[in-house]
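Q: Those protein sequences? They're chains A and B, same order as listed. Using the numbering used here, the first residue of the first sequence is number 1, and each one after it goes up by one. Using the numbering used here, the first residue of the second sequence is number 1, and each one after it goes up by one.
Don't take each hint at face value.
As the list claims (entries may be wrong) - Listed next, the stretches of chain A that the computed footprint assigns to chain B, with coverage defined by at least 3 CB atoms under 8 Å from CB atoms of chain B: (1) 11–19; (2) 221–230.
Unchecked claim - Cut-off 27 Å, straight-line C-alpha distance, at most; resulting in silico cross-link-like pairs (DSS-like, lysine-lysine): (3) A/Lys19 / B/Lys143; (4) A/Lys17 / B/Lys126; (5) B/Lys154 / A/Lys19; (6) B/Lys166 / B/Lys143; (7) B/Lys147 / B/Lys126; (8) A/Lys17 / B/Lys143; (9) A/Lys19 / B/Lys147; (10) B/Lys147 / B/Lys166; (11) B/Lys126 / B/Lys143; (12) B/Lys154 / B/Lys143; (13) A/Lys17 / B/Lys85; (14) A/Lys17 / B/Lys147; (15) B/Lys154 / B/Lys166; (16) B/Lys166 / B/Lys126; (17) B/Lys166 / B/Lys85; (18) B/Lys126 / B/Lys154.
Unchecked claim - From chain B, some residues computed to sit far from chain A (all C-beta separations above 12 Å): (19) Ile60; (20) Gly72; (21) Gly178.
Think of the hints as simulated: they come from the structure by calculation, not from any bench. Even for Gly, the Cβ is constructed at its ideal location relative to N, Cα and C.
Chain by chain, the residues run as shown.
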Amino acid sequence: MRAALAIAGVELRRFVKDKGNVFFTFIFPLLLVFVLGSQFGGSGNAGRVTITGPSSDLRTAVAEQLESQEVSVSHATHNDMLEQVARGRTDVGLVVDEEAATAYSQGGSAELEMIASSSSTSMAAQQEVQVAVSNLDLRQLQVTALEHAGASPAEASQALDEAAGQVTEPTLEVVNVDSLAQEFQGLGQFDLGASSQLLLFTFLTSLAGSSTLINARRQGVMARSLAAPVSTLQAIAGQSLGRWVIAFFQGGYIMLATWLLFGVDWGNIGLSLLVLAVFALVAAGAAMVLGSILDNEGAAVGAGVGVGLVLAAIGGGMMPLEIFPDTMRRVAHITPHAWGYDAFAEIQRHGGTLADILPQLAVLVAMAAVALLLGTWLLRRSMARSL
Amino acid sequence: MTQTATEPTRTADGQHVLVVEGLVRRFGDLTAVDGVSFTIAPGETYGLLGPNGAGKTTTISMICGLLEPDDGSVTVLGQQMGPRKVAPKRHLGLVPQDLAIYPDLSARENLNFFGKLQGLTGTELKTRVGEVLELTGLSDRAKGPTKEFSGGMKRRLNIGIGLLHKPTLLILDEPTVGVDPQSRNAILESVENLSGEGMAVLYTTHYMEEAERLCDRIGIIDSGTLQAEGTRDELIRLIGGVDNIALTGSGDTVAVAEALRALPSVAQADAERGSLRLTVHDAPTAVAQIVTAATSSGMQLSDVQISRPNLESVFLHLTGKALRD
Numbered sequence: 001m002r003a004a005l006a007i008a009g010v011e012l013r014r015f016v017k018d019k020g021n022v023f024f025t026f027i028f029p030l031l032l033v034f035v036l037g038s039q040f041g042g043s044g045n046a047g048r049v050t051i052t053g054p055s056s057d058l059r060t061a062v063a064e065q066l067e068s069q070e071v072s073v074s075h076a077t078h079n080d081m082l083e084q085v086a087r088g089r090t091d092v093g094l095v096v097d098e099e100a101a102t103a104y105s106q107g108g109s110a111e112l113e114m115i116a117s118s119s120s121t122s123m124a125a126q127q128e129v130q131v132a133v134s135n136l137d138l139r140q141l142q143v144t145a146l147e148h149a150g151a152s153p154a155e156a157s158q159a160l161d162e163a164a165g166q167v168t169e170p171t172l173e174v175v176n177v178d179s180l181a182q183e184f185q186g187l188g189q190f191d192l193g194a195s196s197q198l199l200l201f202t203f204l205t206s207l208a209g210s211s212t213l214i215n216a217r218r219q220g221v222m223a224r225s226l227a228a229p230v231s232t233l234q235a236i237a238g239q240s241l242g243r244w245v246i247a248f249f250q251g252g253y254i255m256l257a258t259w260l261l262f263g264v265d266w267g268n269i270g271l272s273l274l275v276l277a278v279f280a281l282v283a284a285g286a287a288m289v290l291g292s293i294l295d296n297e298g299a300a301v302g303a304g305v306g307v308g309l310v311l312a313a314i315g316g317g318m319m320p321l322e323i324f325p326d327t328m329r330r331v332a333h334i335t336p337h338a339w340g341y342d343a344f345a346e347i348q349r350h351g352g353t354l355a356d357i358l359p360q361l362a363v364l365v366a367m368a369a370v371a372l373l374l375g376t377w378l379l380r381r382s383m384a385r386s387l
Numbered sequence: 001m002t003q004t005a006t007e008p009t010r011t012a013d014g015q016h017v018l019v020v021e022g023l024v025r026r027f028g029d030l031t032a033v034d035g036v037s038f039t040i041a042p043g044e045t046y047g048l049l050g051p052n053g054a055g056k057t058t059t060i061s062m063i064c065g066l067l068e069p070d071d072g073s074v075t076v077l078g079q080q081m082g083p084r085k086v087a088p089k090r091h092l093g094l095v096p097q098d099l100a101i102y103p104d105l106s107a108r109e110n111l112n113f114f115g116k117l118q119g120l121t122g123t124e125l126k127t128r129v130g131e132v133l134e135l136t137g138l139s140d141r142a143k144g145p146t147k148e149f150s151g152g153m154k155r156r157l158n159i160g161i162g163l164l165h166k167p168t169l170l171i172l173d174e175p176t177v178g179v180d181p182q183s184r185n186a187i188l189e190s191v192e193n194l195s196g197e198g199m200a201v202l203y204t205t206h207y208m209e210e211a212e213r214l215c216d217r218i219g220i221i222d223s224g225t226l227q228a229e230g231t232r233d234e235l236i237r238l239i240g241g242v243d244n245i246a247l248t249g250s251g252d253t254v255a256v257a258e259a260l261r262a263l264p265s266v267a268q269a270d271a272e273r274g275s276l277r278l279t280v281h282d283a284p285t286a287v288a289q290i291v292t293a294a295t296s297s298g299m300q301l302s303d304v305q306i307s308r309p310n311l312e313s314v315f316l317h318l319t320g321k322a323l324r325d
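Here chain B stands alone, though its shape is the one from the complex:
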C-alpha cells in the first residue's frame, strides 16, 4: 500500500496536468506495474525513483499511450489517454531513455521530422526548430549527421525533440543514463529551468541525488508498486525523521550513554567499546548539547559524526534493499 505524505497540489480550477489511477500492466505471469497512482500539478516536477526494473518505463509507456493498461486509467488535462487516443498526446513531450533519433539525419532534420509529427508546420515549425537548436546549444552543428555527435550532444537533442511543441507535461525517462558528469549537470539545469518556467515534469531516475535536487514530490517505486510518495522531507519523516550521531573517544561509555538518554533530543543511545551511537531528533541543533553532556560525563572525544537520513535510507526502509542498479 502506498504511504502518502501529503495531499498533492491542484490547479486553481482543481485540474491536474496528469492523473494516474490504479495502473496495472502484466506481461504474462509478471506484473510489471501494480496499482500505481499519482498526480502531477501544473509547474510541478514529480520524480519516480526506483531501481532498474522497478516499472518506471512501463508506467511511462502507459502514460504516453504506447501501452494499454490492463487496469486503471491515465488522464492528461482531463482527457483520457490510451493507445487509440490522439488528442491528449498533444500535451505531452516524451524524452525516452533510448536516444530515439535518426543517426543518419542532421539535428535540424530530426527536429523538423518530429515537429511535423507534433503538427507544427511552416513558419511555426521553422521558428521552434531554431529555438530548440539554440536552447540545446546545437545551432552550430545543426547540419551535421547526429551519428557524429558526442553522447552529451545526442542527449541534448533527444531532450530538445521533447520540447519542440512546448508541451504542458514533459516526461523524461532516465535522461542522464550513460552521460558524463558535465552533460549530466547541464541536463539537470535545463530541467530546473523548464520547471521554473512553469512546465510540469515527470522525471524517472534511479539516482537519489537527481530526485532530491529536481523534484517537488517523489514517488518511490519498486517491483511495480508505488511504495510511498511525498516531498523529500515528508518521505524522510515516514521513516521516523531521526538522525544518527556517532561519538568516538575514551571514558566510561556506558555511563555517558546513560547520561545522554536523559536529554530530550536523544531518542536512543547505545554504548560500544570506545564509541557511542545515538539516535536523535534534529541532529544539527542537538549536537552541541550532546557534546557538552558527553564531555561533562567524563568522555574524552576524538571524533563526532552526524549522518542524516536520505532517500536511500527511505528506500532501504521501505523495500529492504539498496537503491542501486
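Bound-form chain A, shown alone:
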C-alpha cells in the first residue's frame, strides 16, 4: 500500500508541477463557467422585464411591484428594449410612457404596452407583469375610493398600509408550465455551467494526463519501480490511484473555485463529492486504457483532448441534456458524463438524497469497474512490452 501511495503521490506532484497544466486546469474551466453562465445562465428569479419610458411614479411603482415578485427588472430606451426582446435577452418589454404616467398620477386609467419575447419563460413573466399591474390598479382604486370618502391622499395610503398589515394577503404563485423552464427553476446563473464543466474537465484532464503513464513507461521509471520490492499489482494500483487523484483534484478544484467565485450551489456537498469521486474513477480507468494502448505521449494528449471533448459533447458536458432530442438523450447515456450530469441535477436542483442518485451511482460504479479492469489488463501488457 505504501508503494502504491508513493506512486500516486508522485503522479499528482508531477501533474501540479507541470506549468502547462496551470491554464487548462486552473483558469480555463473557470473562464468557461463564467462565459456559459453569462450567456446562457438563468437569472434565478421569476423572469426578466425591461421597462422603457421616462421616470415617473407609475414606472417606479411597477418596478417595485415586479421586484417584490422576484422579477429581474431593468430599464432601457425603447429601441434597446425592443432589441433585447428580439434577442431573447429579456422575457417581456414594458412601455410606461408619459401619457400613462400622467394618467396614473391623476388617478385616471393608464394603459401600458407589453411586448413579449419568444423565450420559454416569457409566458410566466407576462403573468408576473399582469399580477403587478393588477395590484397597482387595485391600490389605485382603493385610494380613489377613500379620497372620495373624504380622506386626503396621504391618509388614504396610510390607512391602506395599516389595513394590509393586519391581514394575511393571499399569494399568487405564477407557475411556468414549460417543462424546460421548470427543470431549471431555482438554478443559479452559473450552477448549470459549473456542473457540466466539472464533468468535461475532470474527464478531459484525466485522459490528457495519461501521457505521463507513457512517459514513465518509456523512460524506464516503471521498470525501475518494478525492480524495487514492489509487485506488479502494487505498481498498477499506484498508477490507478494516481489517475484518480488527478481527476478528483481537478473536479474538486472546480467545485471549490466556482463556489467561492460564482456562488455556485452544489447542493448536498457530501453527495456531490461522492458523485465526483465515482466519476473520477471512471476517468482514471479510461486514462489507464488510453495510456496503455498508446506509446506516444503527444498522441495520448491529442487523443485525450479529442475523446474528452466528444464524450462531453454527447453526454451533456457542453449543452444541457434537457434540450437534447429524446433519441440523442438516450444515446448520451452511453457516456459517464450523462450519468454524472443526472446525478448532479438531482442534487443541485431537486435536493436529491443518496437514495435518489443511487441509480446513477450504480451505473458509474459499473463503468468504473469495467474501465479499471480493462486498464489494469492493458497496463500489465504494456509494462511487459516495455521491459
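Place chain B on chain A using the hints.
A: For chain B alone, kept in the frame of chain A given last:
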C-alpha cells in the same frame, strides 16, 4: 559451451550473493539469452562483457525479476528471484542503462520517491537521501528539476538511486554509455570505491577497458551465450597466453628466424621481407634475450614492437568478431 577458468569464490558460509543457472529467454524465434550461468560472491565485481545485442540487458532483466526466464533460475542470497517475488528485490540496486528518472522532478524528489519504493521512511529516508546527494555531488542542485542537469549529473543521480537502500548487490547496466570522459572516469571511480567497501557489483559493458579496470571476474557474452569467464589473466590464458613481438630491420631475416626459434621463450618465428614476427611467452622478460640473439645473428634492428593480448583478443578468439558496436 562456457569455458571456465577458475572456480568462483564463495562466502565463508558457502553462499553467493547471486547465482544464475542456465538462464534462457526467447522472444519469438529469437533466443536472446541461452543457458547463461554465473555466480557473484560478496564484495566481488563481476563484469558481463559483450557487444550490443549480446543479451546483457535481457540477462539483467531476469536477474532483477523484471522478466520471467523461459528456463533456468536466479537466486539472490539464497532466495529465488522472479517477477512475482518481492523479498529478494530488497537486496538489489538496479542502475539501468536508460536514465530512469523523472525529469520534471528535482533530484531530492526523485530520491525520495525511489527511496519510498525501497521501503525507506521518515528519518532513515531523509538521512539516506542526504547521503546519496552528498555522494553523487548533487547536494547544491538537489532542488532543481533534473531536466536541467547535464548528462553526467543525470548519470550520477541514476546511480545514486540504485544506492539509496545500500543494496547487497549493485547492478549497473552499461552506466557509461553516452557519457563524457570526465564523468565516465568519475563513475568508474565510484564503482571502484563501492567495491572497495565490500558491495558486490554486476557490471555490464561493451568497453573492454572498463571491464579490465573494474572487474574481478569477467564473463564474455555473445549471441546470448556466455562464451567464457574468469579473471582477466585467466581469460587471456584461455587463448594460449602468448605475446607478439615484431622486429624490423635489415639482414638475413630467414637465418635470424631460424636462430630465434632455438630460444625457449619463442614459440614461433616467421620471417617476412625486412621484419620478423614472433610469438613468445612472457614478452617483457624475453625481449632482451631476443634482441641480443637477433643482433648476434646479423640483423640491424630499427624497430621493436611488443603487443600483449587483451580481452579484445580473447573476444576475437572466442567469437571470431571484434568487440565493437
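Q: For every hint, state whether the structure bears it out.
A: Right, here's what the structure says about each hint:
1. 11–19: holds (count 4)
2. 221–230: Satisfied; 9 residues make the cut.
3. A/Lys19 / B/Lys143: Roughly 17 Å separates the two Cα atoms, so the pair holds.
4. A/Lys17 / B/Lys126: With Cα atoms ~22 Å apart, A/Lys17 and B/Lys126 stay inside 27 Å; holds.
5. B/Lys154 / A/Lys19: 22 Å, holds
6. B/Lys166 / B/Lys143: The given pair, whose Cα atoms are some 23 Å apart, holds under the 27 Å limit.
7. B/Lys147 / B/Lys126: The hint holds at about 23 Å.
8. A/Lys17 / B/Lys143: This hinted pair holds, its Cα atoms lying about 13 Å apart.
9. A/Lys19 / B/Lys147: 14 Å, holds
10. B/Lys147 / B/Lys166: Judged against 27 Å, a Cα distance of about 26 Å means the pair holds.
11. B/Lys126 / B/Lys143: 14 Å, holds
12. B/Lys154 / B/Lys143: 14 Å, holds
13. A/Lys17 / B/Lys85: The hint is violated at about 34 Å.
14. A/Lys17 / B/Lys147: 13 Å, holds
15. B/Lys154 / B/Lys166: Status holds; Cα separation ~20 Å.
16. B/Lys166 / B/Lys126: Satisfied, since the Cα-Cα distance of roughly 14 Å is no more than 27 Å.
17. B/Lys166 / B/Lys85: Holds, because 19 Å separates the two Cα atoms, which is no more than 27 Å.
18. B/Lys126 / B/Lys154: Holds - the C-alpha atoms of B/Lys154 and B/Lys126 are around 20 Å apart, at most 27 Å.
19. Ile60: 9 Å, violated
20. Gly72: 17 Å, holds
21. Gly178: Since the minimum Cβ distance to chain A is about 14 Å, B/Gly178 lies beyond 12 Å and the statement holds.
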